[in-house]
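Please put together the full structure from these sequences, using the hints given.
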Amino acid sequence: MSQATEEFFASLPARAPTILRAPVTGTLQIDLTTDNRTDHWLVRLSPGRAVVDRARGPADAVWSSSADLFERLATGTAQSISAVLRNESTFSGNVMLFLVFRQFFPTPPGVRDPRETAREQTGRA
Amino acid sequence: MQQRVSILDGNTFLVCDSSGDVEPSFDFPTGMFSFDTRFLSTWLLTLDGERLHALSVDDAHSYQTRFFLVPGEPTHYLDAKVSIIRSRSIGGVFTEELSVLNHSGREARFQLRLEMGSDFADLFEIKHQRPKKGRTSAEAGENKLRLTYRREAFHREALIVSSTDAHVDERGMTWSITVEPHSGWSTCVTVTPIIHGARGEDVRAITALGAARGPAVIRDEQEALVGRAPQLGCDCEPLAGAYRQSLHDLAALRYESITLGVRLLAAGLPWFMTLFGRDSMLTSLQVLPFLPELVPPTILMLAGLQGYRLDDFRDEEPGKILHELRYGETAGFEEQPHSPYYGAADSTPLFVILLDEYERWTGDATLVKQLETPVRAALHWIDTYGDLLGTGYVWYRSRNPETGLENQCWKDSWDAISYADGRLPGFPRATCEIQGYAYDAKRRGARMARLFWNDPEYADRLEREAKALKERFNRDFWIPEKNHYALALDPDGRHVDSLTSNIGHLLWSGIVDEPRAAMVAEHLLGPRLFSGWGVRTLATDEGRYNPIGYHVGTVWPFDNAFIAWGLSRYGFREEAGRICEAMINASRYFDGRLPEAFAGFDRTLTDYPVQYPTACSPQAWSAGTPLLLLRVILGLEPQGEHLIIDPLVPEGMGRVELLDIPGRWGRVDALGRSRTPHDHDHRD
Chain A
1 MSQATEEFFA
11 SLPARAPTIL
21 RAPVTGTLQI
31 DLTTDNRTDH
41 WLVRLSPGRA
51 VVDRARGPAD
61 AVWSSSADLF
71 ERLATGTAQS
81 ISAVLRNEST
91 FSGNVMLFLV
101 FRQFFPTPPG
111 VRDPRETARE
121 QTGRA
Chain B
1 MQQRVSILDG
11 NTFLVCDSSG
21 DVEPSFDFPT
31 GMFSFDTRFL
41 STWLLTLDGE
51 RLHALSVDDA
61 HSYQTRFFLV
71 PGEPTHYLDA
81 KVSIIRSRSI
91 GGVFTEELSV
101 LNHSGREARF
111 QLRLEMGSDF
121 ADLFEIKHQR
131 PKKGRTSAEA
141 GENKLRLTYR
151 REAFHREALI
161 VSSTDAHVDE
171 RGMTWSITVE
181 PHSGWSTCVT
191 VTPIIHGARG
201 EDVRAITALG
211 AARGPAVIRD
221 EQEALVGRAP
231 QLGCDCEPLA
241 GAYRQSLHDL
251 AALRYESITL
261 GVRLLAAGLP
271 WFMTLFGRDS
281 MLTSLQVLPF
291 LPELVPPTIL
301 MLAGLQGYRL
311 DDFRDEEPGK
321 ILHELRYGET
331 AGFEEQPHSP
341 YYGAADSTPL
351 FVILLDEYER
361 WTGDATLVKQ
371 LETPVRAALH
381 WIDTYGDLLG
391 TGYVWYRSRN
401 PETGLENQCW
411 KDSWDAISYA
421 DGRLPGFPRA
431 TCEIQGYAYD
441 AKRRGARMAR
451 LFWNDPEYAD
461 RLEREAKALK
471 ERFNRDFWIP
481 EKNHYALALD
491 PDGRHVDSLT
501 SNIGHLLWSG
511 IVDEPRAAMV
521 AEHLLGPRLF
531 SGWGVRTLAT
541 DEGRYNPIGY
551 HVGTVWPFDN
561 AFIAWGLSRY
571 GFREEAGRIC
581 EAMINASRYF
591 DGRLPEAFAG
601 FDRTLTDYPV
611 QYPTACSPQA
621 WSAGTPLLLL
631 RVILGLEPQG
641 EHLIIDPLVP
651 EGMGRVELLD
661 IPGRWGRVDA
671 LGRSRTPHDH
681 DHRD
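First to last, the protein sequences are chains A and B.
Position 114 of the first sequence, counting from 1, maps to 114 under the UniProt record's numbering, and the rest follow consecutively.
Position 173 of the second sequence, counting from 1, maps to 173 under the UniProt record's numbering, and the rest follow consecutively.
The reader is advised that the hints may include incorrect statements.
As the list claims (entries may be wrong) - Covered stretches of chain B, as calculated for chain A (at least 3 residues, CB under 8 Å):
1) 300–314
2) 382–390
Unchecked claim - Here are the computed distance ranges between Cβ atoms for each label pair:
3) 47(A) <-> 141(B): 46 to 56 Å
4) 421(B) <-> 47(A): 48 to 58 Å
5) 112(A) <-> 637(B): 40 to 50 Å
6) 142(B) <-> 14(A): 55 to 65 Å
7) 132(B) <-> 13(A): 43 to 53 Å
Rather than coming from a laboratory, the hints here were simulated on the basis of the structure.
Virtual Cβ for every residue (Gly too), placed ideally from N, Cα, C.
In structure tokens form, the structure reads like this:
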């Protein structure tokens with residue numbers, strides 16, 4: 001398990017109050033596969049709160065991905081919905097949990113605030 | 001161009017020629033599609049090697065078509081000894097029953113052949129042709145043919161099965177049959193589109209989406225939906241026909257979202273059979289007085305997919321509401337940004353407007369409370385990322401120069417926003433109607449904050465901001481020498497000075513200063529904008545005007561419906577009625593089904609509305625148009641717990657009666673009648 005992924009899960013409880021604002025409650029199991037080994041994470045989501053365990057179900061939804069893809073999601077270099085559309089990661093169960101959980105994935109590295117760019121270009125910076 | 005016949009059920013649809021055949025096409029989406037992937041690109045029927053021609057086509061239902069065919073060319077089939085009936089339906093799977101009828105007095109043998117194939121093109125590969133990156137294969141089995149496409153883990157399959165013995169090869173099926181005199185033979189062929197998801201199973205099996213439905217179930221569903229809508233009684237047959245057609249088209253355009261398991265409205269056949277933020281919300285506003293149940297799934301889906309981070313490829317920002325969500329290969333592999341794409345500057349304020357309007361009709365306070373966070377985030381977007389230049393307006397400029405949209409307003413083609421002399425402004429651009437939506441969103445946000453979120457301070461702030469925006473807008477967008485609002489501001493804050501239909505949306509939003517409303521109304525109904533069939537997108541004397549230009553001269557029914565609503569809001573009921581009358585009359589020329597757009601030619605020149613060459617039909621917000629026109633004609637407006645009914649029926653329309661209008665009042669009836677000397681003509 002990569003350090004980035006470990007750190008990502010460790011950060012969830014502290015980030016939950018600002019990110020988990022929707023009235024959605026449930027348990028999401030995340031299966032991360034490396035070669036022939038699968039690590040399981042269980043995240044209990046509720047408004048303002050995330051509880052993380054290294055365990056498997058019971059869960060309301062299961063999200064499966066390679067450990068490598070998940071690291072790219074956790075560092076903002078991949079995007080979660082396109083990954084599902086190309087079937088590189090898969091999902092089953094209550095979709096709202098996935099839509100809420102994806103908000104923990106950060107902005108891609110190096111992205112600038114579009115306002116700064118626009119104001120620079122029009123000489124209003 | 002050959003006549004095309006379409007059947008659809010949600011976002012699974014088939015477009016074919018008048019004989020029911022599909023031949024490979026690289027510029028128009030013919031074939032069978034589901035979730036943005038073409039599952040059949042060849043579907044060609046022959047009898048003893050001869051192509052077939054249609055004597056007649058029964059396409060009365062959106063999900064079912066029947067073709068009556070004979071072999072040979074139209075010149076010599078008059079004494080045909082054999083005919084074929086091709087009866088098909090679509091509802092998750094595509095089913096075709098092939099019947100061969102022997103009209104002679106002798107036993108006859110035939111070779112019936114169906115050519116089959118799929119290129120598994122993504123809809124965007126048809127718009128912008130490209131070689132496939134994955135591998136297609138065909139596998140012939142016992143009475144079945146499996147067509148497969150794979151690219152990495154992306155896996156699509158068309159499984160074709162015959163109910164009777166067939167000789168199957170990799171390019172189709174052949175039936176060698178003997179038919180008794182004056183008798184018939186038939187077989188049933190089904191095509192199941194399979195989208196592989198978790199554990200290789202079809203995604204619809206693992207996300208609680210509905211299974212395939214037969215025509216009887218689809219008919220019952222559609223009729224139940226239509227039955228729940230208010231009943232219209234009227235003297236004006238075109239209005240009655242358009243209303244009926246609209247309800248059926250709206251029912252047919254509902255599809256089950258692959259990601260949420262709820263019924264959403266697809267935007268339009270064939271290019272736009274997916275979720276669009278703007279289209280789904282404007283359609284929701286149109287249908288709200290009639291079928292409020294269609295609205296919450298759309299709002300919830302848009303809230304669930306609200307932008308939360310910065311992403312240049314997708315033009316995403318925190319709080320922004322999506323523009324377009326696609327499910328196909330190009331979205332998955334990030335060759336197109338629709339996963340989802342956020343390139344729209346109007347969808348975010350429209351989201352706030354829709355939720356408030358929904359509550360005003362239904363009294364569903366629970367939903368307003370549930371969505372407090374996304375609505376606040378949307379309102380916050382208006383003042384932060386939306387205001388790119390920090391000038392107090394909502395601007396747009398794509399950060400995805402390759403596959404993003406240049407224009408992020410409803411007129412989103414590249415040349416839609418121009419100065420009167422035809423030049424195109426730089427970016428960012430701030431179009432006028434978006435400022436109107438932002439104003440309306442703030443006022444409606446204030447109402448929700450005060451009534452449902454227990455936050456009067458926030459409500460006061462939003463109202464102050466709305467007032468300031470209105471003042472600022474009326475100062476900065478008004479062109480005194482032309483007496484109308486500018487289409488947009490350019491990056492230097494100068495007027496983009498064309499006269500356009502956009503000013504009609506300003507009336508709807510309420511941002512127009514009272515003393516100027518009459519001038520706006522006069523322009524809308526004046527000869528430069530009004531064609532006689534409706535308000536043109538761009539005035540005839542502007543540099544880029546073209547009566548068959550997509551957003552630069554055509555007439556869009558949905559646009560006209562919102563303009564009529566706006567006119568009515570400012571008390572220009574008679575002017576609104578003229579637009580209603582023009583639209584309803586235009587619908588007669590399209591069998592009650594208003595297309596996406598028609599040409600901007602003057603009514604006196606063409607006598608009938610000329611359809612725009614590649615207009616989508618049915619189109620959700622065109623189907624919603626007759627509904628909104630009815631609201632305008634009958635003057636329906638919720639006020640507190642009651643429905644205000646204040647009809648002003650256009651001259652010659654006679655009686656208009658809408659029964660059982662649903663809402664927080666239960667169900668009420670509205671009755672109107674035109675009062676002019678010409679009315680007695682109508683029933684003749």
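Against the earlier hints, flag every one the structure doesn't satisfy and list their numbers going up. Violated: none.
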